[in-house]
Structure formats: C-alpha cells, structure tokens
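Q: Residue numbers (the numbering used here), protein chains in the order written: chain R, 1 to 292; chain B, 1001 to 1297.
This list has only true hints and no planted wrong ones.
From chain R, some residues computed to sit far from chain B (all C-beta separations above 10 Å):
| id | residue |
| --- | --- |
| 1 | 39 |
| 2 | 46 |
| 3 | 49 |
| 4 | 52 |
| 5 | 55 |
| 6 | 56 |
| 7 | 66 |
| 8 | 157 |
| 9 | 193 |
| 10 | 204 |
| 11 | 242 |
| 12 | 288 |
Sample of chain B residues facing chain R (criterion: CB under 10 Å; computed from the structure):
| id | residue |
| --- | --- |
| 13 | 1107 |
| 14 | 1133 |
| 15 | 1141 |
| 16 | 1286 |
FYI, nobody ran anything at the bench for these hints, they're computed from the structure.
Beta carbons are placed, not taken as given, at the ideal position from N, Cα and C, and that holds for glycine.
Single-letter residue listing:
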Amino acid sequence: MRLALSSRLSAISALLPALVVMFVVYIGATSWTVWMSLTNSRMLPNSNFVGLRQYQLLLGNDRWITSVHNIVIYGVLFVSLTLLIGFLLAVAIDQRVRAEDTIRSIYLYPYSMSFVVTGLVWQWLLNPTLGIQHVLRSWGFEGATFDWIVRPETAIYCLVIAGVWQASGLVMAIMLAGLRGVDDEIWKAARVDGLPKWRVYVSIIIPMMGASFATAAVLLSTGVVRLYDLSVAMTNGGPGIASEVPAKFVMDHLFERANIGLATAAATTMLITVIAVVAPYLYWRARKGEMR
Amino acid sequence: MTALVQPLSAARRSKRMTPARWGLYAFIFITALYFLLPLYVMVVTSLKPMAEIRQGNLLALPAAPSIDAWVKAWSSACTGLTCQGIKIGFLNSLRILVPSVVLSILVGSLTGYALSLWRVRGANVLFGAMMVVAFIPYQVFIYPLVRVFSFAGLGQSLSTIVMIHTIFGLPTMTLLFRNYFASLPVELFKAARVDGAGFYQIYARIMMPMATPMIVVAVILQTTGIWNDFILGLVFAGRDNLPMTVQLNNIVNSTQGERAYNVDMAATLLTALLPLVVYFGSGRWFVRGIAAGAVKG
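All chains, full assembly: derive it from the sequences and hints.
A: Now the structure itself:
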C-alpha cells in the first residue's frame, strides 16, 4: 500500500515537466498572446484594452492581406499538387519496378533537408540570369522566360515549386504504406472481373485510402500555416512584399516593427485557423479509437 | 502489369516491356530527374570556380573541379560581420543538438510512460491537449516565451534553446513512447510491480531497454528536426549560438557585392550533410520516424 502511494507520487512527479509545459507554455503563452492582441501594445506589452481594434487594423493592412492571399494560393496548390504527385509516385513504385529502394530514396531525400536549404537551392535554380532560364536559352530556346522569382505576380508560385519538391516524398511514403496495406484479394477479384488497372485505383483503392489521404492532408496543411523558413530563405518575402506569408508577418511585426498588438492579432488569427482544421480531425481520429 | 497479385513466374513474365511499362519507367525517370536536379546542381556548382559559373552552363560538369569553395564556405565565408565560415554554425548546431535530443527523449519517454501504464487522473485530457498543441504554429507562443525566458534570467542562450526544443518536442515524443508502451504486454508491467519494483525502477530497468527501437526512431526524428530548425534558433539561441541554418541564410542572403554561388552551394551542402547522412544511413527507420512523428508537421 505504501509502495502504491509512493509509486503514484512518482508518476505525478514524472508528469510534472509535462504539466508545467502544458500550463505555463501552452495555455499560458497562448492566453497571453490572445490577450495582447486585444491591447494596443507596441514595442512592449501593455494592458490598454482596445477590443478588436487590432483585428480591424489587420484587415486593413495591405501586407497582411497579401500574406493571407499568398498563403491561400500556396496552401491550395501545395497541398493538392503534393497529394497528387505523392500518390502517383507511390502508385508507380507499387508496380514492382526495378531498383525500388533507390527510387524511393531519391523521392524522399529532399524531405530530410531543411526549408532553408530547400529555399536556397531553388532560389539559385530559378534565378533568371544563371539558372534554368539561362540553361533553356543556351539550348537554343532564345525566347525562353522563366523569371517567376523576380516577378511580383509569380514569386509565390516559386515557393510552391520548392515546397512540392521537398514534401512529395513524404506523401509518397504515407501512400505507399497505404497501398501495401491493400488486401491482395481485392486485386484478384478485380482481375477476375476484368477491370483495367486504373479503374481499380480510381474506384476501389483511392476510396479505401481515405485515412492515408486525411493524414497527409492535415499534415501538409498545418505545415502550410507554419510556412516561414522557405519564404525567408527563397525570396525574403519579396520582390517587395509579393511573397509575404502570415508567419513572417507575425515575426516581422514582433521583432522588427515593434507592433506587438498587431502581430499577436495575426498570430491569434493563425491559431483559430489551425484549430478549425485540426480539432475536427483529432476528434475523428479519437472517435475511431486510434489516437496515433 | 498486375504483377502484384500474380505468382512469381507470372510476375516475371509480366516484366516484359509493354508500352504501359515503358510509360511507367518514363514517368519514374522524369520525376527522379526533378528530385535529383537540385542536388546535382548544388554539387557541380560548389566545385566550379566563379569564372566558370558566370559564363557557364548550370548543368555542365566542372571543367576544372576544385574544392576551394568548400574550404572557403567552411572556414572563411562571411556571416554578417564575422568571416569565420559556416564551421561556427556547425559547432553551434552540434552543441544545441546533442543536449536537446537527449533531454527531449528523456522527458518525452518519461511522460509517455507515466501516461500509458499508470492510471493517472486526467491523463487523457493532458494527452489530448498535447496533441492539439503539436499542430499550433510557433508564432502563437514565441513572444510570451521570449519574455518568460528573459524574466527567468536565461534570455537567449544555449540552455534556453535546449529547453525550447525539449518543450516543442514533447508532444511528439510523448505520443511516440506512449503508444509504444501501451502496446507492450501489460503482464510484464504487472509482474515487475508484484516483484516490488517502483515507478522509476520499472522505467529504467524494463521499459527503456525494451523501447530501444522507439529510441532509435526518436533520435532520428529529433536529430533531423532540431538540425533543420531555423525559427527557434533565430529567436532563442542568441547571437553566439546561432545554429547552422541561420548562419547559412546569413551567408547567402546578406553578402555584399558579387554573390559567390560556389561558396553558397558548398555551405548549403554542408548544412544538408547531417540530415542526408542520417537519412541514407538509417534507411527505413527514417520513414518510421516521420510516420510516427507525422503529427509534428
């Protein structure tokens, strides 16, 4: 009995760091951020309550509007392209190809590298004077233009190219696990019925892989909201403010522009967006009884 | 084509190159080029002198390969005001990495163990909340944490950044170990308790030795994650401890005058080296790691 009590105390002592982190860092810091967003804090936090004034300012801020606009473009394209390419790569590898291990390694290696590295490499490749455009021209395509990274309207698509390059392999790995989990009996039955292979994928396999798609999609979308390093390394938000993203907006206003009220209002907006996506997903996973 | 379901002999027969199979290999070849191109360009560029880069072809092999750019990137490239190369950042990243990995795994495994095997009241609530938190962008926490650490007198320092990595690694590490311990036969745990072993004894003598595969996965996950971090190092490490990713960005994006692309690419490769070694060295363990840590995003 004494042992049981002391063990129980030990269990609680082991949970202390997690509890402190939970209350101080997660709950405490989040509430403080939300509270600061309701004040007119500039360089230092103050407690002059101004209601939703910062959110109003945020909605009238060009840079924020551009950031949101960009993250929507980036998010939609990045998630859909990565899912599509990742799935196709997984299907291709699933056809019992030669050198399967090597091919898989090639597809996945970018994921091991940081966004800073990814951003810098693609900045170099997309640079119009010496990069891909230069190569195309030297091959005789004199009029070839591929200067997206220096044009304000297209810079954000360059981030998409780099992001898709980095993350498609991850989706491939998730999808491949899903495909390998498909029962052979299904393939046999489909063959007996004489279904062409693509029909089996479209009508049977893809609907069966809902969980893999959901996992990959949630994973990629939460990565989208966090997007920061890639924008900093590749374009530094430029040209001008053309490739600004919300995470960068928050960081700049916190540490360079000394506008904490506005920055925390932006951060709170990001928080609400993420929770709106993640809460239903986690609830769904929990209901299915596989919190993992 | 339907090799997947056929017996071996039939599968072998189906490997004849049908048009569909040609298409498949063409697809694989083109996509593989897309994934390899940046790495190839980085390597060849880092081996070229600037004169060759300026007039030359991005894809061409270096006419006179030299490792000068690598030497310069390592020991004398300028990051902001100082010109001591990326080696400072490399050492900083190592000094951040080792304690962060050890501490985050220690705290995470202990939390996962307490949450899985001991009936602690509110365990599910705590766990559920941590899972939600794992998705929240750092920008939400960053400013209050800066204030808390400076209030605690730690400011920006090595111990701050180590604690920060431990804090943000906690949800994933807990998840990993909780699920693993929960999958072990509970008799093992009960037998140890009957024998009179206490909480920490069971953890240290039975659970952690059994968790070796999970520890490997956790090390891979945390090593690549922490090495690749940019934003946390930027904010919490302080000027003297900036990790390699931050210094790399400074080298490439703030040099004045003509950009030394060869040095930039060498520095980039040096920064990517450790994650690449971990990736190629650990093989399928890496995939297990990202699958397990998928929630970290």
